[in-house]
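S.K.: Each chain is listed here by its residues.
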Amino acid sequence: MNLRNTTLLLCLVLAACAPSPAAPTVAPASTAAATDAAPVEAAPTAEAVAVTLVAPATATGVAVVAATEVPAAIVPPAPTATAVPAVAFAQLTRGECCVQPIFSAAGDRVLFLDRPSAAQPPGIYGVAVASPMSEPVLVTERLGPFNRDLSLNVNLINGRTVVEGPDGQQWPIDNGGRPVSFSPDGTRISWNVSAESGGFDTRRSDVWLANVDGSQPRRVATRYGGGAVAWLRDGRRMLLGGRTNRGDVKSTLSILDLRDDSVRDLFSAERWRGVIVAPDDKHLVYFVAQARESGRGGTYLLDMETAGAQPQRLDFFGAYRWRDATRLFYIPLKVDAPSNELWQYDITTGKSELLIAASETSPFKIGNGDWDVSPDGMQIVFVNARDRNLWLVTLPGR
Amino acid sequence: MTSRLRRLGVAGFLGIVAAAGAAVPSNPVATAASTRQLQRPPFGLPFAEAPGPETWLMGQVYGNSTGAFARRREWYQAGQGIHFGIDFSARCGTPIVSIGDGVVIKVDAPEHGSAPHNLLIDHQNGYVSLYGHLLERPKLQRGQVVKRGEMIGLTGDPDLTCTSRPHLHLEVRDTRLSRAYNAHNLIDADWEALFLVGTFGRGFQRDLDEPRKWQSIWDQPDIRFGGPLINEFDNTWPQDWR
Numbered sequence: 164m165n166l167r168n169t170t171l172l173l174c175l176v177l178a179a180c181a182p183s184p185a186a187p188t189v190a191p192a193s194t195a196a197a198t199d200a201a202p203v204e205a206a207p208t209a210e211a212v213a214v215t216l217v218a219p220a221t222a223t224g225v226a227v228v229a230a231t232e233v234p235a236a237i238v239p240p241a242p243t244a245t246a247v248p249a250v251a252f253a254q255l256t257r258g259e260c261c262v263q264p265i266f267s268a269a270g271d272r273v274l275f276l277d278r279p280s281a282a283q284p285p286g287i288y289g290v291a292v293a294s295p296m297s298e299p300v301l302v303t304e305r306l307g308p309f310n311r312d313l314s315l316n317v318n319l320i321n322g323r324t325v326v327e328g329p330d331g332q333q334w335p336i337d338n339g340g341r342p343v344s345f346s347p348d349g350t351r352i353s354w355n356v357s358a359e360s361g362g363f364d365t366r367r368s369d370v371w372l373a374n375v376d377g378s379q380p381r382r383v384a385t386r387y388g389g390g391a392v393a394w395l396r397d398g399r400r401m402l403l404g405g406r407t408n409r410g411d412v413k414s415t416l417s418i419l420d421l422r423d424d425s426v427r428d429l430f431s432a433e434r435w436r437g438v439i440v441a442p443d444d445k446h447l448v449y450f451v452a453q454a455r456e457s458g459r460g461g462t463y464l465l466d467m468e469t470a471g472a473q474p475q476r477l478d479f480f481g482a483y484r485w486r487d488a489t490r491l492f493y494i495p496l497k498v499d500a501p502s503n504e505l506w507q508y509d510i511t512t513g514k515s516e517l518l519i520a521a522s523e524t525s526p527f528k529i530g531n532g533d534w535d536v537s538p539d540g541m542q543i544v545f546v547n548a549r550d551r552n553l554w555l556v557t558l559p560g561r
Numbered sequence: 173m174t175s176r177l178r179r180l181g182v183a184g185f186l187g188i189v190a191a192a193g194a195a196v197p198s199n200p201v202a203t204a205a206s207t208r209q210l211q212r213p214p215f216g217l218p219f220a221e222a223p224g225p226e227t228w229l230m231g232q233v234y235g236n237s238t239g240a241f242a243r244r245r246e247w248y249q250a251g252q253g254i255h256f257g258i259d260f261s262a263r264c265g266t267p268i269v270s271i272g273d274g275v276v277i278k279v280d281a282p283e284h285g286s287a288p289h290n291l292l293i294d295h296q297n298g299y300v301s302l303y304g305h306l307l308e309r310p311k312l313q314r315g316q317v318v319k320r321g322e323m324i325g326l327t328g329d330p331d332l333t334c335t336s337r338p339h340l341h342l343e344v345r346d347t348r349l350s351r352a353y354n355a356h357n358l359i360d361a362d363w364e365a366l367f368l369v370g371t372f373g374r375g376f377q378r379d380l381d382e383p384r385k386w387q388s389i390w391d392q393p394d395i396r397f398g399g400p401l402i403n404e405f406d407n408t409w410p411q412d413w414r
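Note that the protein sequences, when read in sequence, are chains A and B. The numbers in my numbering rise by one with no breaks, and the one at position 389 of the first sequence is 552. The numbers in my numbering rise by one with no breaks, and the one at position 197 of the second sequence is 369.
None of these hints come from the bench; they were simulated from the model. Every residue gets a Cβ at the ideal spot worked out from N, C-alpha and C, and that includes glycine. Please note: incorrect hints may appear among the correct ones.
[Stated by the list, open to error] Calculated from the model, a selection of chain A residues having no Cβ within reach of chain B, i.e. all distances over 12 angstroms:
1. V302
2. L306
3. D466
[Said to hold, decoys possible] Below 20 angstroms or equal to it, Euclidean Cα-Cα: the simulated EDC-like pairs (lysine to aspartate or glutamate) are:
4. K278(B) / E308(B)
5. K413(A) / D331(B)
6. K385(B) / E259(A)
7. K385(B) / D550(A)
8. K385(B) / D397(A)
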């Protein structure tokens, strides 16, 4: 499991423990931004959006519907010779199974929590992306959160946090039964200790760090209405969010360098959330919504490497995920559209490209807000709102 | 709402009607369930404006959300442990509209929660809507007739700061005010699109004995106020972290 997915699983737990609407958080898969306005500058290209529907035909395989059989409504009215190759859809699971899918670190399987029958244990099950509709296979009965390679996970046992190693070794963590986040290399853990009363935007949170076995714990930072947001991929730095001082009007996102505990502020704003860091740790995206000062709402991109870089407001508002270090998938918030659109924003050119158009016949209508991007950026798995099963999108090109 | 999703919604709606009928025989809608198969959900959204970063977003779904589970023995104990309404994130002072035609039956009724101010409207069809965490006492009188889409109040913040968690808490109850229904099935909206953006927490709490139970906005259970917790699972995920 890659870092993104590890963070995702952690987010699920953190969300349950910290229902603070004001606390900045890393955006879990279902929590991103959206807009009621269509992208303006990010206009669709003239390239056609062709869709190849891959429908399940048998219990063991799939039937490919030729591109020529694609309903006309899916194809824009003026396709050109530069039309993009077909986007392929495939149903992965049946029986209204399952929710909150994530890709394995290798991208070869889609994983989800399930218990297919009373005779089987609850656990993380997986379906090979190369074998849609195959029977899900139990991957592990451990439920996480995990570290990057699934070798470590954390459990709550009799009210105590316990880190479990690959050989069953257990290390109780003296943190009051709080969830922990593993560093990317699996050598350290962090957690937040937050006040349990007061306004959510001003509650004190102390950020703690320890070795993975719980030794050498130390408080590394304090924030109000926030806390540790995420580890960066290099494992030497963490993102912190929240007010630096309780009385601050704005909340700040900062980088904490654990080598010397130095802090570098990235931006300050009201009511930001949904931070997702690019795979190379060089950019991040977030959104602002319902800030007291009108006109601030929207999706923002920030260069994390350039000192003094200002957040750049993007001309779309929607659910988003990084495809790779320079391209962002996004789904504009358009209520009552027949299905979701999928767009791609290139941060190097500032251009958006429509990858999947909305139509009555498109399978791309996401349910439960559940979607995930494969590690190579070539596939998307989502809960299909129409049949409540998992579906796979395979994108063309690179 | 798309035709396919509308069918989903209608199916869910009918399920709710059936549930309401079993629990509240006097519900006139319940007795007419068979005639409603082709009808849309009876109510509209509580805002006139479209959703977005400058207006409103769905903050918390109805039901067995992970956030509600974490607060099941506190905030949501009265509602059997689940979030018995829908939260809409909106800055303080955002105008709220009635989700349907009706008559105001209560203004500022603290016994029904959702401080600091709330409002209840009887829609004369077996349902009552409750608007909570309002910024100020609504300028409406008991017995006053309101129309669907009519402005009835302003969003506020239960923490009274307008910076902590400003939002509208909306419930749909029976006329006895003893039950809350899954409002997603009763309000005509593209909930799946709204679920993609801006919600707090993620998804629904799992009962590991039946991890597929209550994992969609459409199948969340109705609740009876004062009833026992329905999500005190023996094995659950996410775990019951502090």
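S.K.: Are all C-beta atoms of chain B more than 12 angstroms from that of D466(A)?
M.R.: 21 angstroms, holds
S.K.: K385(B) and D397(A) were given as a pair; does the straight-line alpha-carbon distance stay at or below 20 angstroms?
M.R.: Answer violated: K385(B) to D397(A) is near 39 angstroms, above 20 angstroms.
S.K.: With the threshold set at 20 angstroms, check whether the alpha-carbon distance from K385(B) to D550(A) stays at or below it.
M.R.: Answer holds: K385(B) to D550(A) is near 16 angstroms, not above 20 angstroms.
S.K.: For a C-alpha distance cap of 20 angstroms, please report whether K278(B) and E308(B) respect it.
M.R.: At roughly 14 angstroms apart (the allowed maximum being 20 angstroms), E308(B) and K278(B) satisfy the hint.
S.K.: A cut-off of 12 angstroms on Cβ-Cβ distance, and V302(A) was said to be off the interface with chain B. Does that hold?
M.R.: Nearest chain B Cβ is 14 angstroms from V302(A), so the label holds.
S.K.: Mind checking the alpha carbons of K385(B) and E259(A) for me, to see if they're no more than 20 angstroms apart?
M.R.: 11 angstroms, holds
S.K.: Hinted pair, alpha-carbon criterion (20 angstroms max): K413(A), D331(B). Please report holds or violated.
M.R.: At roughly 18 angstroms apart (the allowed maximum being 20 angstroms), D331(B) and K413(A) satisfy the hint.
S.K.: Is the Cβ of L306(A) farther than 12 angstroms from every Cβ of chain B?
M.R.: 5 angstroms, violated
In this structure, the earlier hints numbered 2 and 8 are contradicted, and the remaining ones agree with it.
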